Amino acid sequence: MAITETVSAKPRWAGRGAEYFENQALGHARMRLGLLTMCVFAAFTTVGLRLADISIAAQANVERPAVSVVERARHRAELVDRRGNLLARNVEIVSLGADPRDVWDPVDAANRMLSYIPDADEDTLVRRLSSDRHFVWLQRRVTSQQHYDIHNLGLGGIQFVEEQRRVYPHRNTFSHLVGYSNVDGEGLSGLELGLNDLLQSQDEPVALSIDLRVQHALRDELSSAMEEFGALAAAGVVMNVNTGEVLALVSLPDFDPHDPTSGGAEARLNRVTGGVYELGSVIKPLTIAQALELDLVTPDTMFDVSQPLNVAGHYIRDFHRIEEPIPVREILGESSNIGTAEIAALIGRERQQDFLRDLGFFDQQSMEMPGAAHPLVPQNWGPLETATISFGHGLSVTPLHLTTAIAALVNGGFMIEPTFTRYESGTRINRRRVLSEETSFEMRELLRNVVSEGTGGNADVPGYEVAGKTGTSEKPSSGGGYDRDRLLSSFVGTFPASNPELVVFAMLDEPRATDETYGFATGGWTVAPAVGRIIERIAPLTGVMPVDMETRSELVAAEGEQLATLSPQ
Amino acid sequence: MTTVLNYGLIALMFIAWIGLFTVKDAARDTAARASELGHQIAREEERIETLMTDWAILNEPGYLQDLAQIHLGLEATSSNQIVTMSALPPVPLTDTQDPTTGTFLASARNYQQIPSAQAPRVDPYTDWARPALRPQGGR
Chain A
1 MAITETVSAK
11 PRWAGRGAEY
21 FENQALGHAR
31 MRLGLLTMCV
41 FAAFTTVGLR
51 LADISIAAQA
61 NVERPAVSVV
71 ERARHRAELV
81 DRRGNLLARN
91 VEIVSLGADP
101 RDVWDPVDAA
111 NRMLSYIPDA
121 DEDTLVRRLS
131 SDRHFVWLQR
141 RVTSQQHYDI
151 HNLGLGGIQF
161 VEEQRRVYPH
171 RNTFSHLVGY
181 SNVDGEGLSG
191 LELGLNDLLQ
201 SQDEPVALSI
211 DLRVQHALRD
221 ELSSAMEEFG
231 ALAAAGVVMN
241 VNTGEVLALV
251 SLPDFDPHDP
261 TSGGAEARLN
271 RVTGGVYELG
281 SVIKPLTIAQ
291 ALELDLVTPD
301 TMFDVSQPLN
311 VAGHYIRDFH
321 RIEEPIPVRE
331 ILGESSNIGT
341 AEIAALIGRE
351 RQQDFLRDLG
361 FFDQQSMEMP
371 GAAHPLVPQN
381 WGPLETATIS
391 FGHGLSVTPL
401 HLTTAIAALV
411 NGGFMIEPTF
421 TRYESGTRIN
431 RRRVLSEETS
441 FEMRELLRNV
451 VSEGTGGNAD
461 VPGYEVAGKT
471 GTSEKPSSGG
481 GYDRDRLLSS
491 FVGTFPASNP
501 ELVVFAMLDE
511 PRATDETYGF
521 ATGGWTVAPA
531 VGRIIERIAP
541 LTGVMPVDME
551 TRSELVAAEG
561 EQLATLSPQ
Chain B
570 MTTVLNYGLI
580 ALMFIAWIGL
590 FTVKDAARDT
600 AARASELGHQ
610 IAREEERIET
620 LMTDWAILNE
630 PGYLQDLAQI
640 HLGLEATSSN
650 QIVTMSALPP
660 VPLTDTQDPT
670 TGTFLASARN
680 YQQIPSAQAP
690 RVDPYTDWAR
700 PALRPQGGR
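Those protein sequence lines, which keep their order, are chains A and B.
Residues 1 to 569 in my numbering are what the first sequence spells out, letter by letter.
Residues 570 to 708 in my numbering are what the second sequence spells out, letter by letter.
A few of these clues could be false.
Below, in silico cross-link-like pairs of lysine to any residue (SDA-like), each with a Cα-Cα straight-line distance of 25 Å or less [said to hold, decoys possible]: (1) K475/A x P375/A; (2) K593/B x G48/A; (3) K593/B x A52/A; (4) K593/B x C39/A; (5) K593/B x R50/A; (6) K593/B x T46/A; (7) K593/B x F44/A.
The calculated label-pair distances, taken between Cβ atoms and stated as ranges, are [what the hints assert, rightly or not]: (8) S498/A x E644/B: 22 to 30 Å; (9) G479/A x A645/B: 39 to 47 Å; (10) D102/A x A645/B: 55 to 63 Å.
FYI, nobody ran anything at the bench for these hints, they're computed from the structure.
Note that the coordinates shown come from a computational prediction; the quantities given were computed from them, not determined experimentally.
For every residue, glycine included, the Cβ atom is placed at its ideal position computed from N, Cα and C.
Please work from the sequences and hints to get the whole structure.
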């Protein structure tokens, strides 16, 4: 049996002496010792390598400023104009603070810092540095040089707090357009509010339809006109007639977007999109265009405007009495209220309302700019309203409503939507026909006639074929009716008349007549010259070349004669 | 034999351990450098952006306009200062040109001598426009 065999077998150590066991025990001990040595060696090596590791890693961290506290506001994309000029962006600014518990010597620290922040008050600094709070502000917004210098002082307890701040390099120039945002990076007004979601979600700069140079020219000329005529306020807008892109928008008085409350509530009103006005005669082209479209009149149809027109017991009069019958062309050119009201009577209330509704005059405009005002439409629209609205009284709309409608009159008859973001080339423009091509052509000619022969002469610029219409309305008085001395003077112009590119609207609130204007404060005397200057400045900027070849050839002929006398015979 | 193999493996483990540490250290070193470069790039970008903002502030059109008016006497361009090539008059013939073809009869040297010798020199490309069409403000 196997068990018996095992029991009977000799053990391995059988017959071996004590020396054998001694040697074997020593061998085991040596091996254990060797293993222990290895373990200790490995442990020390690990500790040594880790030490080296820590010392290397720590060295890499040395350059990081240990005193800074970083607070980052939410991301907000840049706003740029249509040519990429910066209009608004976030800039990291550094403010100086301290943890007073870590400041060794408040007086010494204050004195040393004062040489770099001279506008700080020594006593205030010492008092703050000696307080027992965890954190005190010492100076908001230090320059990068001050940051560098104070950091290099190596003072204990001093902290630099990084913050994001929205910077508007052009300050008041874009106050209503771009608007402003709060410290948390949320847009509060203007396109900062209107494009808020886009600005927060997009990394790339957001390109507006605005042209910085056109905006400046418009603001510069409007400020001059406002000053010259002592007006309370001014507003202006420049729009591309074919795309609806707004190139410039100005409302004066304005404010610094870094300190929006500085100008008061009056300065924060965007008069172009947020104010509604009875704009006066600048609306007359709409009445004439509708009558032409309906084939009720031609530019040469004659009307008798010599007598005041009695409508529902009220008399409609002209600014200057015109004795002779005049054609429609001159009704617009001389801005005859009587003639326009007579034409409106031919159109009738229903059709007039339909057309104005078509032009968007009854609705708030939808666009990126927030705060669009709702037009004031009369509740009772009788024959008197039909007559007065035909020449711009009784219906209050925003200047942008009118600008868009005039664009439709001259661009071939298409109603377009105003926009403040740049269209990329090839973008399909959303447009709707409201007038025929022929009517639009006739209106361009009639509006050109207003400037070349009529009340808008002061807006003419040789070579740019300015077409347009003057407007002067009396402001409603507090006691009912209208106040003859408080005027709203305006001018809406487009150029070049043969192929309009831009439409320019400008308005002065309560301009006062001067000696140069012969006592008149009407649109033709106050605003039209300003629009002429604006067009003269912006035409070369927008690539519109002088097109008036008659003037050109006269000039060239004169030069040619001069040259002939100098030429060798 | 087993003992030799064990020692060999232990040695190999050590070598691998040291090798691994070296690689890890190098990787960390590179990562630290990359991070430092990243920081540097961010700082540079921040500086560039600050400079771009400064540039935008300095390019404020109103400021430039004031500078141009005060120091250079420049004014806004008027429409009659702009002229297209098509509005230029034809170049007048000189007596060195063939009236039918307009080509020069004499050599170019001869042509140049005529104005200086016989009549005031006229450069038809510049002189004709000088009185009225040049910008009136200083340059």
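Evaluated hints:
1. Restraint check for K475/A and P375/A: satisfied, since their Cα atoms lie roughly 16 Å apart, inside the 25 Å limit.
2. Annotation: proposed proximity of K593/B to G48/A holds, straight-line Cα distance about 15 Å (limit 25 Å).
3. Pair hint K593/B plus A52/A holds up; C-alpha atoms about 13 Å apart against a cutoff of 25 Å.
4. A C-alpha spacing of about 22 Å is found between K593/B and C39/A, which places the hinted pair at or below 25 Å, so the restraint holds.
5. Taken as a hint, the K593/B and R50/A pair is honoured in the structure, with Cα atoms around 12 Å apart against an allowance of 25 Å.
6. Between K593/B and T46/A, the direct Cα distance comes to roughly 14 Å. Compliance with the 25 Å bound is thereby established for this hinted pair.
7. Only pairs whose Cα atoms come within 25 Å are accepted, and K593/B paired with F44/A is accepted, the gap being roughly 19 Å.
8. A C-beta distance of roughly 28 Å is found between S498/A and E644/B, which places it inside the suggested range of 22 to 30 Å.
9. Our hint of 39 to 47 Å for G479/A and A645/B holds, since their Cβ atoms are close to 44 Å apart.
10. Roughly 59 Å separates the CB atoms of D102/A and A645/B, a value that falls within the hinted 55 to 63 Å.
Every hint from the earlier list agrees with this structure, and none is contradicted.
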